[in-house]
Amino acid sequence: AQTVTQSQPEMSVQEAETVTLSCTYDTSESDYYLFWYKQPPSRQMILVIRQEAYKQQNATENRFSVNFQKAAKSFSLKISDSQLGDAAMYFCAAKFQGAQKLVFGQGTRLTINP
Amino acid sequence: EPEVTQTPSHQVTQMGQEVILRCVPISNHLYFYWYRQILGQKVEFLVSFYNNEISEKSEIFDDQFSVERPDGSNFTLKIRSTKLEDSAMYFCASSGRDSGNQPQHFGDGTRLSIL
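As they're listed, the protein sequences go chains A and B. Heads up: the first sequence at position 102 corresponds to 102 in the numbering used here, and the numbers run straight through without jumps. If you want the numbering used here, it's the 1-based position in the second sequence plus 1000.
Keep in mind the hints are simulated off the structure, nothing from the lab. Since the structure is predicted, the reported quantities are computational estimates derived from the model, not experimental observations. Fair warning: there could be bad hints in the mix.
Derived lysine-lysine pairs resembling DSBU-like cross-links, with alpha carbons at most 35 Å apart [said to hold, decoys possible]:
1) A/Lys78 to A/Lys55
2) A/Lys73 to A/Lys55
3) A/Lys55 to B/Lys1078
4) B/Lys1042 to B/Lys1083
5) B/Lys1078 to B/Lys1057
6) B/Lys1042 to A/Lys70
7) A/Lys70 to B/Lys1078
8) B/Lys1042 to B/Lys1057
9) A/Lys73 to B/Lys1057
10) A/Lys78 to B/Lys1042
11) B/Lys1057 to B/Lys1083
12) B/Lys1042 to B/Lys1078
13) A/Lys70 to B/Lys1083
14) B/Lys1078 to A/Lys78
15) A/Lys70 to A/Lys55
16) B/Lys1057 to A/Lys55
Examples of chain A residues lying across from chain B (beta carbon under 8 Å, computed) [what the hints assert, rightly or not]:
17) Phe35
18) Pro41
19) Leu47
20) Val48
21) Tyr54
22) Ala59
23) Ser65
24) Phe68
25) Gln100
26) Gly107
Even glycine gets a Cβ: it sits at the ideal position worked out from N, Cα and C.
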């Protein structure tokens, strides 16, 4: 089965510090896409960053970067210089080859302490 | 920036009634999706829609559910004979292509409460 797992239900970090959210997935395919979505209290699911499995280089978007370890099937999100506005639920998701759907992890609730 | 819009933001319905959730996808997108998120649980895929027909659906999407694109702009999810367990947040999403290169963009969701 193709699954996505987030083992950290909650994380907290001091403002301006760095935090890493973990995500692992399971698939036998070699071609797929990975995503991190942010869901603030306003509810909207916002795309944070995406990674193509065929690219070895880790994706980066400003303060957000990923550590993609294909052999380990790991896709963690690093948030640098955390800001109060980063507080949200973060979902890891995957789009596997041949499927249109996104498969989501359970989510990690991130709290930023001022 | 173009957005996916969903109405209503909150729907309260008596058990056994029919409910229609509405979505306006991003205008030049071709693929449309519905997901749901039961309180405290993960986001689950329901159905995808392309070229006026269902292209993929999950085991959750049984005969109780249907989707429609009635007028070229709206994309609706109908739930017949609602049950208590249908209470959830329902998200609509759209994408330009069926590719991870064009990610799915989500709306704000409709919170459905079945009484």
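Each hint tested on the structure:
{"no.": "1", "hint": "A/Lys78 to A/Lys55", "result": "holds (18 Å)"}
{"no.": "2", "hint": "A/Lys73 to A/Lys55", "result": "holds (14 Å)"}
{"no.": "3", "hint": "A/Lys55 to B/Lys1078", "result": "violated (40 Å)"}
{"no.": "4", "hint": "B/Lys1042 to B/Lys1083", "result": "holds (19 Å)"}
{"no.": "5", "hint": "B/Lys1078 to B/Lys1057", "result": "holds (14 Å)"}
{"no.": "6", "hint": "B/Lys1042 to A/Lys70", "result": "holds (23 Å)"}
{"no.": "7", "hint": "A/Lys70 to B/Lys1078", "result": "violated (39 Å)"}
{"no.": "8", "hint": "B/Lys1042 to B/Lys1057", "result": "holds (17 Å)"}
{"no.": "9", "hint": "A/Lys73 to B/Lys1057", "result": "holds (26 Å)"}
{"no.": "10", "hint": "A/Lys78 to B/Lys1042", "result": "holds (21 Å)"}
{"no.": "11", "hint": "B/Lys1057 to B/Lys1083", "result": "holds (20 Å)"}
{"no.": "12", "hint": "B/Lys1042 to B/Lys1078", "result": "holds (21 Å)"}
{"no.": "13", "hint": "A/Lys70 to B/Lys1083", "result": "violated (41 Å)"}
{"no.": "14", "hint": "B/Lys1078 to A/Lys78", "result": "violated (39 Å)"}
{"no.": "15", "hint": "A/Lys70 to A/Lys55", "result": "holds (10 Å)"}
{"no.": "16", "hint": "B/Lys1057 to A/Lys55", "result": "holds (29 Å)"}
{"no.": "17", "hint": "Phe35", "result": "holds (6 Å)"}
{"no.": "18", "hint": "Pro41", "result": "violated (11 Å)"}
{"no.": "19", "hint": "Leu47", "result": "holds (5 Å)"}
{"no.": "20", "hint": "Val48", "result": "violated (10 Å)"}
{"no.": "21", "hint": "Tyr54", "result": "violated (10 Å)"}
{"no.": "22", "hint": "Ala59", "result": "violated (12 Å)"}
{"no.": "23", "hint": "Ser65", "result": "violated (17 Å)"}
{"no.": "24", "hint": "Phe68", "result": "violated (13 Å)"}
{"no.": "25", "hint": "Gln100", "result": "holds (4 Å)"}
{"no.": "26", "hint": "Gly107", "result": "holds (6 Å)"}
Violated hints, in rising order: 3, 7, 13, 14, 18, 20, 21, 22, 23 and 24; the structure is consistent with all others.
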